[in-house]
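Given only the sequences and the hints, what does the whole structure look like? Please build it.
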Amino acid sequence: MSYGIIARCPRTGRLGLGMASYSLAVGLYCSDTARANTGVSITMGTPNPGNNALAIRLFAQGFPSAQVLAELIGNDPNSDYRQIGVVDREGKAVAHTGAKTRPWSGHRIGEGYVAFGDMLAGENVLDAIVQGYLADPATELEERLLTALEAGRNAGGQVGSSGRVPERSAVLVVHGIFDYSDWDLRVDKHEKAVDELRRCHEEFKLFAAYYVERSRNPREAIPQREFSDMLAANRNRKNP
Amino acid sequence: MTYSIIARCHRTGRLGIGTTTTSLACGRRNESVRPNVGISKSQAMYVRAHDPRALNLLALGFTPSAVMRVVEEHDDNFDYRQTGIIDREGNAIAHTGANCGKWAGHKVGPYYAAFGNWLSGPAVVDGLVDGFLAETDLPLEDRLLLALEGGRKAGGQKTEKNPKAERSAWLRVVDRQDYPEIDLRIDMHTNTVAELRLLLQEFRLYQAYYRERCRNPQEAITEEAFVAQLAASTREPCSSPH
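Chains A and B supply the protein sequences, listed in that same order.
Our numbering applies: residue 1 is where the first sequence begins, and numbers increase by one.
Our numbering applies: residue 1001 is where the second sequence begins, and numbers increase by one.
None of these hints come from the bench; they were simulated from the model.
It cannot be assumed that every hint is accurate.
What the hints assert, rightly or not - Calculated lysine-lysine pairs in the DSS-like style (CA-CA distance at most 27 Å, straight line):
hint, chain 1, residue 1, chain 2, residue 2
1, B, 1153, A, 238
2, A, 192, B, 1164
3, B, 1153, A, 205
4, B, 1153, B, 1164
5, B, 1102, B, 1161
6, B, 1102, A, 189
7, B, 1158, B, 1102
Here you go:
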């Protein structure tokens, strides 16, 4: 029911996921997808939402990615319908695409990442996701994941029983060193969810440092309204 | 620049949060809700690390008021924070620091805490509570959304320049599972609370289908077929016995 990518940033060790889907609120299935210095996993195809927290706990017990994947499959009578990607904190990546996931379905495994999808227009969608992800390794993980989604969408995305289906929801999550996410953006229902995710992402980037700084130094923080006005003034200066 | 309600359903024990704010993507803070433990929601000049730590303390067995005391003792800027904490039994507590803007405040009752800062006035918190208490038989997510709508109707974040300053909204309800039953987000919009209502209405149409498809994928119809059925049933509202 979706396509996307999970990855570990080889420069920073940050762990993240980007996904887009015809289903609504695909981010609903992404709770506990990643934990700092632990691992990242996702179960799609037909989701098994309990798998994410189980995978995190198995990682935390010291299981490497291959063993986590084996346990998730062994624990699920419907594993034929699931598509699972697992990347551990060392970047070892493994995946499973069940025989009963909707065609075309499959995955690509690379160093520190798994690209996956079902109901795809074809294999080329996966190739595009990988190319998008690898296009600029010097950028932040959230940028790379979003570029990968856009490439997958541009390559044809998902196809249902009567042709191309739109991406109606999308999600982007990255965990760094904290107990909480560094980046977590969602579009739950939209006609062009990937474009809308890009729009949110660009806007959020303008505010991200401000949000961190005002928590640390509330005594010196300016109100958000004032900050927004400053941003608007800067924009006007650049595009008079 | 935020108003929120955290609550435990007195009938089912489900825990939930409804929040809306001027900041983008408020629903990214999913570390604030933990099934079978409780909710800690910090806002105003919040620190992200405070909520997971508060929930760790609740999980160890501390009461909400003891947790709040620990948070206060280790925070030099407690006067800039606003926090609500509720445990799995529904014991709730809230704190509004003196430097959380005007107007800021909270109301705590059995099974809920409602709190907000930089509001147009105290009526917003009253609106949250009135909305939450209006229909106590409804599922928790509906009550939380009614609360947000009550706060919004009472003025919300309204300013002179901007009558609808809320840019994001979030509704999350957890039951016994690790993963949420309801987790709906509006990350960036100009009419967030109304948009959240539309999203919940739409999601409701799919909710049972999505849940069943995960549990019994062998018997699930395709989503396109489901969407076609939905479209047909809206076209002929009288043809369904239900």
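Hints, one by one, checked against the model:
Between residue 1153 (chain B) and residue 238 (chain A) the CA atoms are separated by roughly 38 Å; this puts the pair beyond 27 Å, and the hint is violated. For the proposed pair residue 192 (chain A) and residue 1164 (chain B), the alpha carbon gap of about 24 Å is at most 27 Å, so the pair holds. Distance restraint check for residue 1153 (chain B) and residue 205 (chain A): the Cα-Cα separation of roughly 31 Å exceeds the 27 Å cut-off, and the hinted pair is therefore not satisfied. At most 27 Å may separate the alpha-carbon atoms for a hinted pair to count; residue 1153 (chain B) and residue 1164 (chain B) meet this at roughly 11 Å.
Our distance criterion of 27 Å between C-alpha atoms is met by residue 1102 (chain B) and residue 1161 (chain B), whose separation comes to about 16 Å. At most 27 Å may separate the alpha-carbon atoms for a hinted pair to count; residue 1102 (chain B) and residue 189 (chain A) exceed this at roughly 34 Å. Restraint check: the Cα-Cα separation between residue 1158 (chain B) and residue 1102 (chain B) comes to about 12 Å, which is no more than 27 Å; the hinted pair holds.
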